[in-house]
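Protein chains: 2
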Amino acid sequence: MVKGIISDPQLKKYAELAVRAGVNLQKDQLLIIHSDIQHAGFARLIQTAAYEAGASNVVIDWKDEQSSKEFYIHAADRFIDHIPDWQAARFKEWNDEGAAYIHIISDNVLEDVSAERIQRFQKASRTKLKDYYSKVRSHKVRWCLIAVPCVDWAAKVFPNLSKEEALQSLWELIVSGARADGESPIDDWREHHRAFESRKKFLNESRFEALHFTNKRGTDLVVGLAKNHLFIGGAVTDEQGIPFFPNIPTEEIFTAPHKNRVNGKLVGTKPLIYGGNIIEDFHLIFTEGRITDYYAANGQEALQHLIETDEGSHYLGEIALVSTKVPLAQANTLFYKTLFDENTACHIGIGDASPSTIIDGLHKSEHELKDAGLNSSLLSVNVTFGADDMNVVGVKEGREIPVMEGGKFNF
Amino acid sequence: MVKGIISDPQLKKYAELAVRAGVNLQKDQLLIIHSDIQHAGFARLIQTAAYEAGASNVVIDWKDEQSSKEFYIHAADRFIDHIPDWQAARFKEWNDEGAAYIHIISDNVLEDVSAERIQRFQKASRTKLKDYYSKVRSHKVRWCLIAVPCVDWAAKVFPNLSKEEALQSLWELIVSGARADGESPIDDWREHHRAFESRKKFLNESRFEALHFTNKRGTDLVVGLAKNHLFIGGAVTDEQGIPFFPNIPTEEIFTAPHKNRVNGKLVGTKPLIYGGNIIEDFHLIFTEGRITDYYAANGQEALQHLIETDEGSHYLGEIALVSTKVPLAQANTLFYKTLFDENTACHIGIGDASPSTIIDGLHKSEHELKDAGLNSSLLSVNVTFGADDMNVVGVKEGREIPVMEGGKFNF
Chain E
135 MVKGIISDPQ
145 LKKYAELAVR
155 AGVNLQKDQL
165 LIIHSDIQHA
175 GFARLIQTAA
185 YEAGASNVVI
195 DWKDEQSSKE
205 FYIHAADRFI
215 DHIPDWQAAR
225 FKEWNDEGAA
235 YIHIISDNVL
245 EDVSAERIQR
255 FQKASRTKLK
265 DYYSKVRSHK
275 VRWCLIAVPC
285 VDWAAKVFPN
295 LSKEEALQSL
305 WELIVSGARA
315 DGESPIDDWR
325 EHHRAFESRK
335 KFLNESRFEA
345 LHFTNKRGTD
355 LVVGLAKNHL
365 FIGGAVTDEQ
375 GIPFFPNIPT
385 EEIFTAPHKN
395 RVNGKLVGTK
405 PLIYGGNIIE
415 DFHLIFTEGR
425 ITDYYAANGQ
435 EALQHLIETD
445 EGSHYLGEIA
455 LVSTKVPLAQ
465 ANTLFYKTLF
475 DENTACHIGI
485 GDASPSTIID
495 GLHKSEHELK
505 DAGLNSSLLS
515 VNVTFGADDM
525 NVVGVKEGRE
535 IPVMEGGKFN
545 F
Chain W
135 MVKGIISDPQ
145 LKKYAELAVR
155 AGVNLQKDQL
165 LIIHSDIQHA
175 GFARLIQTAA
185 YEAGASNVVI
195 DWKDEQSSKE
205 FYIHAADRFI
215 DHIPDWQAAR
225 FKEWNDEGAA
235 YIHIISDNVL
245 EDVSAERIQR
255 FQKASRTKLK
265 DYYSKVRSHK
275 VRWCLIAVPC
285 VDWAAKVFPN
295 LSKEEALQSL
305 WELIVSGARA
315 DGESPIDDWR
325 EHHRAFESRK
335 KFLNESRFEA
345 LHFTNKRGTD
355 LVVGLAKNHL
365 FIGGAVTDEQ
375 GIPFFPNIPT
385 EEIFTAPHKN
395 RVNGKLVGTK
405 PLIYGGNIIE
415 DFHLIFTEGR
425 ITDYYAANGQ
435 EALQHLIETD
445 EGSHYLGEIA
455 LVSTKVPLAQ
465 ANTLFYKTLF
475 DENTACHIGI
485 GDASPSTIID
495 GLHKSEHELK
505 DAGLNSSLLS
515 VNVTFGADDM
525 NVVGVKEGRE
535 IPVMEGGKFN
545 F
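Quick mapping for you: the protein sequence lines, in order, are chains E and W. Residue 270 in the numbering used here sits at position 136 of the first sequence, with consecutive numbering throughout. Residue 327 in the numbering used here sits at position 193 of the second sequence, with consecutive numbering throughout.
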């Protein structure tokens, strides 16, 4: 399945990237790989790369989307609403051993399955594996998502190509978009890391009050930033100070808007997919943080549903900067997958904010987070409005400091 | 992988056989399927058949021979010698829920792997999962082995065919050998079950002192039977009295010889594979149970190694009756796989005896088993000496009662 689509040596480098840059696997460390059985070829490449990096052991936790579908349809309620104890025991033992986690993700279509049963199962899973997910969120374990194509996904991205061509094209996009198409992707990621760190340093030391976005197509948006906001993106560090990249690819630098300090107009630059609907040619109007007006030439009703999910879905939770120079942006493709689309252009996140986007936010109370200006919502949806005509300035004490010009960083 | 090799409806029936006859799955019962990921197509057919039979849930426990190989080669010793606690917890929870177990087996080649590390891991596994294995052995859980072909195995059985032809031929042999090639395999197995039960009834009620085997090629062997010997084979019953077939296919009816009461000459009718060597054109001489002489035109040294494994490997642990009328016998093939070869012809088992082959044997002490005449050894190897010229009589109080004639049962 993997062979012949992209060269074996390049795929091997892509797998090594997940091990070396992704989870930054240490000598004698246990690695857990979560993979669908259809991606066995790539999972085995990661296994090999991990042993070469000195892994003490590599456990592949296999899933099978096809049989999972039957589970969601047919399993008795008690198996949908309760996860067995051994599942939690398993993650606890893995964590006690100091495991790192690589998740091979793709985008299979789970048709004919009740969304309600999937949600119930996911809720049961989050409850039972609370401790593991909390360690993931707070970076107490090192983990990494890395994507591989599948037929369904490739057909969505390249609807006019044959199955084989679509799969090949998506492989190429994924590997080049992940900066893994060069001689030494690991060296390229070291450089990528340095660029991230210097940009985050500038942005965080600037202590901007707001970012002001303008372009010729009508966007004129002032996004006030949360108190003690923190620009993050690229690598993070675990408890022991070991850096790792949770996402491959990763290009965005993002932080928390102040919920009530967003004003102006945002004009979308890419279709927005929500609940299976496509929303195109749209704009949003913000007044003191709240979306007070909106319009879509296509998908107005879907846009309304999105915004009216709850009170928090009228406000922003994230503002992200992405240069149009990055490989994924230059592909100029809609990936139908957040991990990719969020790394192609500047975007806002409507809805919930991440505590990690303010200083020491992971240790703050809900009250403190709210006080800093962080939004909360059941919803979290990215809306792209960047392109190669975007200009961004940082606002501080009445002055305007250049951040992006023509879609590129210019500081 | 499965498609096109044998018709889909027939494969579906073969999968149903494992669910209905194999583990005899009950309504609202949990089913665990152990499968290599390369057999996903067949595993999913079993899953579907199980939900159709009313399964509460079907869990597929995936293995991957290819990545297991890397584990055996590279994993740190602590992962080879210790199985995590959650593995035992998992089987305990499955058993508490009343699970049945289907194992999809095949015959992959694990080359370049240290047999010593595999053995250490298997020992650790048996130790940690002691409770599960004990429930399997004592039929406290219902389980079933069912075979599917793989390329390696097909190439061994049909060395002169192309890969595709070999695979297709092995599929056909396996499905027909399992009596699963008819309109209704489940009905055919009901009939199979009735024939088994009536033969076991006759043999067990006869209380023979010995079985006397003769044929024109030189076999003249009197196999004395153990005290309270029990002929078993076909279906067994679990704690609740629910019958199930642990093996698909299954043809042999077997019991325990008395260790010290075997006399005469046995002439082999099929090559014997041992430790990678082939032993052909051989005979064994027994005196008061012990192998006192032996000869092989090919593989004399391998035969010597086998017999001299330990003291117990000089004696018999099993005597099995298989009619030459059964489908597997008529295929006239060497399968290189005990599950198949033991169901093709009458055979002896050199080495260890099963406690289940005497009445109430699972509850007897080691001393009681020995006293009944049961042999014990590290070895357990089947040696085939049946063919269509085999005559068998049961000996009781000086009388001879017909059991088989010309390789077929004649009572």
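Honestly, the hints are just simulated from the structure, not real lab data. Some clues are possibly wrong.
All copies of an identical chain are treated as equivalent in the list; a pair is satisfied when it fits inside any one copy or across any two copies.
[To be verified] Under the rule of at most 20 Å between Cα atoms (straight-line distance), these lysine to any residue pairs were calculated in the SDA-like manner: (1) K197 - W220; (2) K262 - N191; (3) K161 - D219; (4) K161 - F213; (5) K161 - D211; (6) K399 - S202; (7) K262 - W220; (8) K262 - A222; (9) K226 - K262.
Keep in mind it's a predicted model, so treat the numbers as computed, not measured.
Hints and how they fare:
Taking the shortest alpha-carbon separations for K197 and W220, both the intra-copy value of 17 Å and the inter-copy value of 18 Å come in at or below 20 Å. In this assembly of identical chains, K262 and N191 lie within 20 Å of each other by CA distance solely across copies; the values are 19 Å between and 25 Å within a copy. For the homomeric pair K161 and D219, neither the shortest alpha-carbon distance inside one copy (30 Å) nor that between copies (24 Å) is at most 20 Å. Only between protomers do K161 and F213 lie at most 20 Å apart by alpha-carbon distance; the minimum there is 15 Å, versus 38 Å within a single protomer.
Taking the closest pair of Cα atoms, K161 and D211 come within 20 Å of each other only across two copies (15 Å); inside a single copy the shortest separation is 43 Å, beyond that limit. In this assembly of identical chains, K399 and S202 lie within 20 Å of each other by CA distance neither inside one copy nor across copies; the values are 43 Å within and 56 Å between. Proximity of K262 and W220 under a CA criterion of 20 Å is satisfied in both settings, with 10 Å inside one chain copy and 15 Å between copies. For a Cα distance limit of 20 Å, the shortest separation of K262 from A222 qualifies both inside one copy, at 6 Å, and across copies, at 19 Å.
Taking CA atoms no more than 20 Å apart as the test, K226 paired with K262 passes in both settings, with 11 Å inside one copy and 18 Å between copies.
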